[in-house]
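In order, the protein sequences belong to chains A and B. If you use my numbering, the first sequence corresponds to residues 1 to 518, in order. If you use my numbering, the second sequence corresponds to residues 1 to 518, in order.
Hints in this document: simulated from the structure, not taken from any laboratory. One or more hints might be untrue.
[Said to hold, decoys possible] Each computed DSS-like pair below joins lysine-lysine, with the alpha-carbon atoms no more than 30 angstroms apart:
| hint | chain 1 | residue 1 | chain 2 | residue 2 |
| --- | --- | --- | --- | --- |
| 1 | A | Lys-340 | B | Lys-274 |
| 2 | A | Lys-103 | A | Lys-340 |
| 3 | A | Lys-340 | B | Lys-304 |
Computed from a predicted model, the values in this text were never measured in an experiment.
Number of protein chains: 2
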Amino acid sequence: MPYPITRRAACALGVAALSTPTAFGRIRPVERWGQHEIALKGPKAGNPFQDVTLRAVFDGPGPTVRVTGFYDGDGVYRIRFMPPALGSWHYRTSSNAAELDGKGGTFAVVAPSGNNHGPVAVANTFHFAYADGTPYHQLGTTSYVWTQQPDAACEQTLKTLAAAPFNKIRFAVFPNEDTPTVPLFPFAGTPPHGWDFTRFNPAFFRRFETHIGRLRDLGIEADVILFHPYDHGKWGFDSMSAETDDRYVRYVVARFAAYRNVWWSMANEYDDIKAKTDADFDRLFQIVQASDPYGHLRSIHNNKRIYNQNQPWVTHASVQNGSAVEDDARAVLYRDVWRKPVIFDEVRYEGDISKRWGNLSGEDLVRRFWEGTIAGTYVGHGESYADQGKGMWVGEGIALKGTSPVRLAFFRKVMAEGPAAIDPIDKWQDRHLGGVPGRYYLRYFGNETPKEWPFVLPRDGVSDGDSFAVDVIDTWAMTVTPLPGAFTVRKSDDYDFAADRTVPLPGTPWIALRIRKV
Amino acid sequence: MPYPITRRAACALGVAALSTPTAFGRIRPVERWGQHEIALKGPKAGNPFQDVTLRAVFDGPGPTVRVTGFYDGDGVYRIRFMPPALGSWHYRTSSNAAELDGKGGTFAVVAPSGNNHGPVAVANTFHFAYADGTPYHQLGTTSYVWTQQPDAACEQTLKTLAAAPFNKIRFAVFPNEDTPTVPLFPFAGTPPHGWDFTRFNPAFFRRFETHIGRLRDLGIEADVILFHPYDHGKWGFDSMSAETDDRYVRYVVARFAAYRNVWWSMANEYDDIKAKTDADFDRLFQIVQASDPYGHLRSIHNNKRIYNQNQPWVTHASVQNGSAVEDDARAVLYRDVWRKPVIFDEVRYEGDISKRWGNLSGEDLVRRFWEGTIAGTYVGHGESYADQGKGMWVGEGIALKGTSPVRLAFFRKVMAEGPAAIDPIDKWQDRHLGGVPGRYYLRYFGNETPKEWPFVLPRDGVSDGDSFAVDVIDTWAMTVTPLPGAFTVRKSDDYDFAADRTVPLPGTPWIALRIRKV
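Next up, chain A with everything else stripped away, as it sits in the complex (with noise of 0.2 angstroms):
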């Protein structure tokens, strides 16, 4: 039988559909893609984490889902499950331990509320949707070591992203070298170096899953990385032995896979962890792939070396790229390259520091959004203002002062607006559109200012007297200008439909234009 887990409990895991029994000994429904939890009493002799093996088997509507359970100390185990279908489940436990072998119960999962609509998957190729089908047009921003900073601060960083527009942020497991951290680590033992890595120090990650939970709740996914190379000696995260690797990277599956908004990032600037190889990364994709029942999704950032975006474990590119997202007609490169979903996440930030990587003013960071969702692709926000005193946004989070966000919240609002997936329309020939041919285009012009701009559409899905509205779009003034009258296309030649006339242009910066069939 589950043991009945705690209230105090239950609060600092932030579940927001924990079954447990109800005073009538039934256990209550949970959401699909909600979270059911078993907890159950075992050994404690030993070392639990190693010697003990839980696992429980989910049989219900749709297939049957393995999951694996972990050890989250003073004698207690979980399991924990995202149910993927409506209906009636049962699970059964197994175990080398005689208390948590033979577990078992039933329970219903309902439909999901709220802003849940199940985990993001690949579709399209080379777009993302919620398991409901609702498309998700990532919008993603950085802060690395949130998590590890004192509990007001999170709570600031929280509260921040409740009005951002971000729908995705990046953010590391192990601490930053150069950042302060409260002092909370994913291993026993004591810091810098005394660790016993066969033992990990549940309440580390118990509070990791609170955030985990948070940003859930605010409808934003976690893209959780696993490793990276900032470590530079200090606690020793970066060089462990592999069998730790596999062991952590095990753990941390078996105890966040269930929260729907988590994605798997294998590591941040990957190349740069010096005791690690390609092969390394293979077999922890791997693991982190046969591991997860859910098939959350799955990348790894790049420094200079991008690793094989084309093995099948990597669900979707996520690149660090300066200037690729300057100029569509490099962004869309990548995407045929790897036919996968690619995302920029790390495009330089908008800042005022030194390092080129962290001074970009907020207008050529708006930019690289508009240049790489014409080409089809996703792009990642990220802070680095010298001046804010605690610390940068891209670090610690807190606060955020740019000047972008506010034009990312716009952005956000036409990308709501218009079809699920933009898609490069005619690359390789500086079109410099995006859209679904023969009925939404998106013309950016970026740092250019044209007085006017000849109506012209490439031909895949054009007719002659088709007749499009267009609406005008200052992508900083965050203002949207529909233009009288329709335009109306007739074939021009080989490849093109022209108007006959041409499109007013205001003559400044950061324009776009909108296009609709009528």
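Since chain A is already given, all that's left is putting chain B on it; use the hints.
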């Protein structure tokens, strides 16, 4: 004992260093990377192409080489060997036909002569070199069906190539449906559909390999295209059975692999060959890889869909892209994704036809070579002038009339004077610089027309006080103008070293700077 081949057959084969028993019963010496051919009399009955196996093992000072022989019609079987090392070599045959089994001989391999530098292979990840270490700066052209023209036209093409700057040419084994061709086909039977796909037509292959040999003698690599989609049902060569495809590929490799200048292009616009999948090409690639004892270069050329160039059997990328080489910051992206040499084999052609793939100006084509080069990639030429009367260079060959070839000869000369390899410098930052850090730089301005350039070099390999000589290169006028005095640099910030004066520029397009450390 080897069957004495007649003088006439040797001529038809175009074999440069055919080794036959001399009057004294000894085999003539053969050059390293030349060609040693053994001809044997064997069975004529049944279907020798299918029924008879013939292999030979060559033992010498290097690793053992295992070669497959082929049936050349009229009861003649041949084994061709490209000796990879100097010294004494011995061979022994094995066959299921007694007349071909257990034959052997010894011959000497002597130093190469003339322009024989051996086969080209990948060097330094992104580049190429001949087997003797000589750098190979790829400067290719394309003429798909030049070998299938009448003899006089082929001679014209070879004469044109002898005077042109190209060191590689891409051409197909199979004819094009829309291009006139001599009535000679790879299979036995009658055109257009009466083929016996179990029997090859040796006369076709003898003629084809004569052309490979002629190119070799001109110092030109033969990038042989094994499949293409331009059949359109006329002969059915684009939709043969997998069994026929495999047998065809094995026969081609058995015949051609001993030509040191052969490269294997699995297909042109492979994604337009509707009867084959990526998995078919995976298989065909692996057959070539396993059959070719010399590991000649292997690639596959795309139209819209890009094959997974990370596959281990792809030695380098052969890319069609009309706009990636308009900007070095685009071109460089592919390089890092694949960590292999990138050849932009099709970048639109110089010409005047109405199709946009064939209407580039000479200036725009030459620009692509310079842009691709500073990105650390390689580019290919093509020409499609409609008013040529007898077809276009890119189809039938014969004559060049464009304005680009003479500028490409100039480009080749500049490359030959430079380092073994040009790599992008501080890529992703829009430097538009390629070269060798600290030692040699090319800065290319394309169609921009600046009047001066601030002399700034990225920090890698540069120290305070380093001095550089600068040549202003007009890549179109084909002039090199050394500037008086050296440019001496000092550290100017975290990233750059700058001189105290700017570089004066002529204010015209197509300018490059060559910057060399003094």
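Right, here's what the structure says about each hint:
no. : hint                  : verdict
1   : A/Lys-340 / B/Lys-274 : holds (22 angstroms)
2   : A/Lys-103 / A/Lys-340 : violated (41 angstroms)
3   : A/Lys-340 / B/Lys-304 : holds (15 angstroms)
Hint 2 alone, counting from the list given before, is not met by this structure.
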